[in-house]
Every structure is written in structure tokens, then in C-alpha cells.
Amino acid sequence: QQQVKQSPQSLIVQKGGISIINCAYENTAFDYFPWYQQFPGKGPALLIAIRPDVSEKKEGRFTISFNKSAKQFSLHIMDSQPGDSATYFCAARNPNTGNQFYFGTGTSLTVIP
Amino acid sequence: DVKVTQSSRYLVKRTGEKVFLECVQDMDHENMFWYRQDPGLGLRLIYFSYDVKMKEKGDIPEGYSVSREKKERFSLILESASTNQTSMYLCASLTTGRSYEQYFGPGTRLTVT
Chain A
1 QQQVKQSPQS LIVQKGGISI INCAYENTAF DYFPWYQQFP GKGPALLIAI RPDVSEKKEG
61 RFTISFNKSA KQFSLHIMDS QPGDSATYFC AARNPNTGNQ FYFGTGTSLT VIP
Chain B
1 DVKVTQSSRY LVKRTGEKVF LECVQDMDHE NMFWYRQDPG LGLRLIYFSY DVKMKEKGDI
61 PEGYSVSREK KERFSLILES ASTNQTSMYL CASLTTGRSY EQYFGPGTRL TVT
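Chain order of the listed sequences is A and B. Letter 46 of the first sequence, counting from 1, is numbered 46 in the numbering used here, and no numbers are missing. Letter 42 of the second sequence, counting from 1, is numbered 42 in the numbering used here, and no numbers are missing.
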């Protein structure tokens, strides 16, 4: 019940297109949902995050859509650029286990010029 | 800028050796984490610490221990390294308050032969 399921495992998008990565969870206690971006040879870095009382959050070309009833959230990258090519992880925080975060398995995004 | 540093980027050890991975953060964060990252499995939590000398097991603590003697330093110990512990190890520290952002180090690629 602590799992966060992420799909797809890999994604290839043309430059200028929309990249969409999906995550689903079971535990309704989760109260914070971040997305992390990781470039090769680097640690993950926070990209954008949302709380469950909000259905959408937008920062530049990155948007999180959150569906509380379906227990799903997704990352949309508009006007995808080759520089967005990276691995993306969704995660969820369980406040009942301290500040433990549960991560999805990651999506490798390749944006073709 | 928050900085999380890890003692080694690459490490090669033999089966049965005791291995120490060190992590230092410079932002006075109370919460620190050790993850391992494997292809297709995402980030899995080994241990985390919410204060000096305090620790909690994550999802995969077997074969590992940790030490937090000072707030800025969190060490991961492989008591007797095995080949199935070959992996990328990531340390993180967490800012809390309005948001929960984990700052990751660059990772240590450990190979056990």
C-alpha cells in the first residue's frame, strides 16, 4: 500500500511535443507529491510538487495534474526540449512514517530534436 | 545553495569487506536519507534519520547500518559487502516547513566484486 506506480518506463517525444508521465498510489494518507528530475551522473533534483488539496500546479512548462478521487497524478511537460531529456521520478510523502518518501520506478524521457 | 556531498563518486570493494559511505550536508537539516538506485526499481529507502543518533529503517535495511553522530553527517555502513549490494547509493537531506524538498548528493557508484 506504500507503493507508487509510475508509467511509462520510457518515453520518446519530438521537440515541441507534450510529454506525459503518470503515477498512481493507494495510500490516502500521502500528503505531498513531488516530481524529481535526474540527469546522468547527477542526483535527482526537485522539479515541482503538489499537495492533494490542489488539482493542478503549473511552473513554466511543467504542470502537475492531481486527481484525488482516482489516486493518480501526472507530470506534463509542454513544448518538450532536448534539454528535458532525463529520468523523472514521482514520489509521495507519508506523514505517518516520519518524513519517509516513496518513489516511483522512474521514466526515461528522450526528446528528439 | 544547499550542498550535499558524498565521500566517493566511485568505489570498488571485495566481497566481505566493511564499507563506509559518508554524506555531509551544510544546511542544518534534521532529516537525512540513504537510498539505493537500481535500473527499473527506482529509489528505495535503506535508512533515514530525523535527528542526531536517531534512525529508522526504510524498505531495504538488511545488510546495512547507519550512524549519525553529528547533525551534518550521515554514514551508511555495509557490514560485509556482497555482490548484490552493487548499486548507486544516494544520500539526501530534507528541508521541511511549507514544502518538503529532498536535496540529493551526486551519488556513489559501488561495485562489489
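Think of the hints as simulated: they come from the structure by calculation, not from any bench. It should be emphasised that the depicted structure is a prediction, and the values quoted were computed from it without experimental measurement. Using N, Cα and C, we set each Cβ at its ideal position, and we do this for glycine too. Be careful, since some hints might not be right.
[What the hints assert, rightly or not] Some chain A residues judged to face chain B by a derived CB distance under 7 Å, without partners named:
{"id": "1", "residue": "29"}
{"id": "2", "residue": "32"}
{"id": "3", "residue": "40"}
{"id": "4", "residue": "44"}
{"id": "5", "residue": "47"}
{"id": "6", "residue": "60"}
{"id": "7", "residue": "93"}
{"id": "8", "residue": "95"}
{"id": "9", "residue": "99"}
{"id": "10", "residue": "103"}
{"id": "11", "residue": "105"}
Status of each hint after checking the structure:
For residue 29 of chain A, the shortest C-beta to C-beta distance to chain B is roughly 15 Å, which exceeds 7 Å, and the interface hint is violated. At its closest, the beta carbon of residue 32 of chain A sits 5 Å from a beta carbon of chain B; the interface hint therefore holds under the 7 Å criterion. Residue-level restraint check for residue 40 of chain A is violated (minimum Cβ-Cβ distance to chain B is 11 Å; threshold 7 Å). At its closest, the beta carbon of residue 44 of chain A sits 5 Å from a beta carbon of chain B; the interface hint therefore holds under the 7 Å criterion.
Violation of the interface hint for residue 47 of chain A is found here, the shortest Cβ-Cβ separation to chain B being roughly 10 Å, above the 7 Å cut-off. Because the closest C-beta pair between residue 60 of chain A and chain B is about 17 Å apart, greater than 7 Å, the hint is violated. Taking 7 Å as the C-beta cut-off, the interface hint given for residue 93 of chain A holds, the closest approach to chain B being about 6 Å. For the restraint placing residue 95 of chain A at the interface with chain B, the shortest Cβ-Cβ distance is roughly 10 Å, beyond the 7 Å limit, so the hint is violated.
The closest approach between the C-beta of residue 99 of chain A and any C-beta of chain B is roughly 5 Å, which is under the 7 Å cut-off, so the hint is satisfied. This hint holds: residue 103 of chain A has a C-beta 4 Å from the nearest C-beta of chain B, less than the 7 Å allowed. Against a cut-off of 7 Å between C-beta atoms, the interface hint on residue 105 of chain A holds, since the closest Cβ of chain B lies about 4 Å away.
Violated hints, listed in ascending order, are 1, 3, 5, 6, 8; each of the other numbered hints is respected by the structure.
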